[in-house]
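If you're matching them up, the sequences are chains A and B in order.
Its first residue numbered 1, the first sequence is counted upward by one per residue in the numbering used here.
Its first residue numbered 1, the second sequence is counted upward by one per residue in the numbering used here.
For the record, the hints were derived by calculation from the structure and aren't laboratory data.
Some hints here could point you the wrong way.
What the hints assert, rightly or not - Simulated DEER-style distance windows between Cβ atoms:
no., chain 1, residue 1, chain 2, residue 2, range
1, A, 472, B, 104, 56 to 66 Å
2, A, 518, B, 19, 53 to 63 Å
3, B, 98, A, 34, 24 to 34 Å
4, B, 110, A, 533, 53 to 63 Å
Stated by the list, open to error - Here are the simulated lysine-lysine pairs, DSS-like style, with alpha carbons at most 25 Å apart:
no., chain 1, residue 1, chain 2, residue 2
5, A, 551, B, 101
6, A, 551, B, 20
7, A, 543, A, 585
8, A, 32, A, 86
9, B, 20, A, 240
What the hints assert, rightly or not - Sample of chain B residues at the chain A side, in silico, Cβ under 8 Å:
no., residue
10, 65
11, 82
12, 120
13, 136
Positions of the beta carbon are idealized from the N, C-alpha and C atoms, including for glycine.
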Amino acid sequence: MENSVRIKVGLASCGIAAGGLDVLEKVEAFLKEHDVKAQLEHTGCIGMCYAEVLMEIEDDEFGSTMYGYLNAVDIEDILTAHLIEKKPLTEHIVVSDKFGGKEKEILDYQTRIVLRNCGVINPESIDEYIERGGYEALQKVIKDMSPVDVIDEIKESGLRGRGGAGFPTGLKWQFAYNNYADKKYVICNADEGDPGAFMDRSVLEGDPHEVLEGMLIAAYAIGSDTGFIYCRAEYPLAVKRLRIAIEKAKEKGFIGKNILGSDFDFDLTVYEGAGAFVCGEETALMKSIEGKRGMPTLRPPYPAESGLWGKPTNINNVETYSNVAWIIRNGAKKYADFGTEKSKGTKVFALTGKIKNGGLVEVPMGMTLRDVIYKVGGGIIDNRKFKAVQLGGPSGGCIPESLLDTPVDYDSLTKTGAIMGSGGMVVMDDTTCMVDMARFFLNFTQDESCGKCTFCRIGTKRMLEILNRITQGKGEKGDIEKLEDLSKKIIKGSLCGLGQTAPNPVLTTIKYFRDEYEAHINDKTCPAGACKDLVKYEILEDKCIGCGACKRACLVDAISGEKKEVHTINQDICIKCGACMTACKFDAVIKS
Amino acid sequence: MVESDFDKIDVVLREFEGRKGALIPILQNTQAQLGFLSKEALEYISEKTKIPVSEIYGVATFYTQFRLHPIGKNIIRICHGTACHVANAPKISEALYEELKVEPGGTTKDLKFTVEEVACLGCCSLAPVIMVNDKAYGRLTPDKIKDILAQY
């Protein structure tokens, strides 16, 4: 009986950051001390990041039981109850075959294609991937399908690029296939740079073989023998697991010469980025692999014609490749059952911000934003008022409450002025200032602009200066119009996606939250109370009991007052960090 | 640079010998060995690879990962991704700068800490997050900063 116990601890970056390694250590110690025989494994991210650290126990009595919100100190009690007394502590259970669990509903709303193995298998074990149907699709294409069959199948599935622009994947492959050359390349864009997005990281850390298999199939289809995975250097764990996966795939003969006895050869290298957001743009990315400054070039020629070192190149992002093996295995028709007429399949989102269940979710295309946020995401933290949801990071836009019933598909989202983007979804409540949000993204894009196009280089800088002024209470009449004018020119005058989309966060916030801009400019107030220069912290005389908690919390000694007497804040010293407000237990500190 | 530093660069160069477009990994590995890319190191790489030093300097200054100045013993990376920004990351930065008396991107006088602001560490659900060397600290408030720094 005891032999069939499997314990899995979630050890993706977020799990480790939440203390996953401490939990692992405790579990190891427990098993040793009580002489319990169990297989202890690491796994990737199941997506419930808000509930980290997560631990799953699989056994005959209870099936699968997932414990969440764990601390190392809880482990002893949980394991004793589960494994020895056989009476699991239900208050720690998040999802379970036998006990339901408070989070089961959230998983039931989702459709997992890309994330089907994430958090389920050990990402460093190729056997576990194969056990769940891995590399079957590769065998199928090599044995039974011609490159044209593969391309047709992908076309029929309706798969579109998941990096943001939504270009039909099958068509892209077709272009690369049509171009004859002595050498062709396949690249996986894993330079996930949008702040607030971690879909690709989780897939690479949780199921690297799925990405490799997708790339192998693409290489077979277009006739390429060399591939690169361009992964950002900020993802050390993803890089490590990819390298392990490639080694294991080589040992099994899935990568290398004469793959599965055919005349198909493929070699794959992981290339670490060096920290430049613009390298997520495909032409810049290829320049970077060539060892140069990552600056975009004019398209056409498209990479399918002249890409890496001037050779035909197919480039897709991580999530796109992750769909491929599933499509080949289950058929294009089955894939096309999910989604809407023009957007097929599922989309992975990184749900963050003021949302209860932040994490990674995969939903069928066509689900409304409202359902993603309220049903899958559990609604807003502290049940505050929803204000906007930001999609597509610095290239995207903010969508207000009135458009929450917009379905999640490429075309509907583009109509709102936002974009599908790569999958970052940041939820904001009434304490988030929309002007500050626009400023935040502009600050990012102007910093990351490579400097090649004048409008992108200088235009974003000027826009940022205007936004800085507005949030400091120095806005002037006509600023909004200036921002709109500059936006139009930057969109027109930029070569690549970075510049062409950089004004989106500003344009959408002006479109839907113009009143907030006007409040900052005309009344010099920040309705959300977020812009530091427009708020002031004060202590209410009738509520302050003189406990001194705020004084102790103050980092700059701006608060004075004797014990049991009313305290005051010296506004000249105050840095408006808000520590006093958090420290006060009597609601005596207010922000105005 | 001391003699052994040149040897370290030689080892790196040997690893990438003959590989097309290997400049970025060469710089990455050199930095990993030496901590930062000094003028001497860049000139030495240029001499050995026959890539003009102007081009190497261009690449080294284009990517944020490369550092041309010595850094502190511990690197603190403050996440300023969207989720962290919404969760008040600017207040975490202020508390850190206040505590360490440094400017953004700066190094403390005792060379103990270098503070960098980064775009996204990818632990959005734990926002706001900072990373000291390889260890991430999540769900921070400004008052926790002192205790974290004290561990180093």
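Going down the list of hints, with the structure as the test:
Distance hint for residue 472 of chain A and residue 104 of chain B: a CB-CB separation of about 18 Å, inconsistent with the stated range 56 to 66 Å. Restraint check, residue 518 of chain A to residue 19 of chain B: a C-beta distance of roughly 57 Å satisfies the suggested window 53 to 63 Å. Separation of residue 98 of chain B from residue 34 of chain A is about 48 Å and departs from the stated range, judged on CB atoms against 24 to 34 Å. For the hinted restraint 53 to 63 Å between residue 110 of chain B and residue 533 of chain A, the CB-CB distance of approximately 33 Å leaves it violated.
Simply put, residue 551 of chain A and residue 101 of chain B have alpha-carbon atoms about 21 Å apart, close enough for the 25 Å limit, and the pair holds. Distance check on the hinted pair: residue 551 of chain A and residue 20 of chain B sit about 61 Å apart at the alpha-carbon level, beyond 25 Å; violated. A threshold of 25 Å between alpha carbons decides the hint, and for residue 543 of chain A with residue 585 of chain A the separation of about 10 Å falls inside it, so the pair holds. For the suggested pair residue 32 of chain A and residue 86 of chain A, the alpha carbons sit about 18 Å apart, so the restraint of at most 25 Å is met.
Of the supplied pair hints, the one linking residue 20 of chain B and residue 240 of chain A holds, its CA atoms being roughly 22 Å apart against a limit of 25 Å. Because the beta carbon of residue 65 of chain B sits about 4 Å from the nearest beta carbon in chain A, less than 8 Å, this interface hint is met. Evaluation of the residue 82 of chain B hint against chain A yields a held restraint, the C-beta minimum of about 3 Å falling below 8 Å. Because the beta carbon of residue 120 of chain B sits about 4 Å from the nearest beta carbon in chain A, less than 8 Å, this interface hint is met.
Here the hint on residue 136 of chain B is kept, as its CB sits about 4 Å from the closest CB of chain A, short of 8 Å.
The structure shown violates the earlier hints numbered 1, 3, 4, 6.
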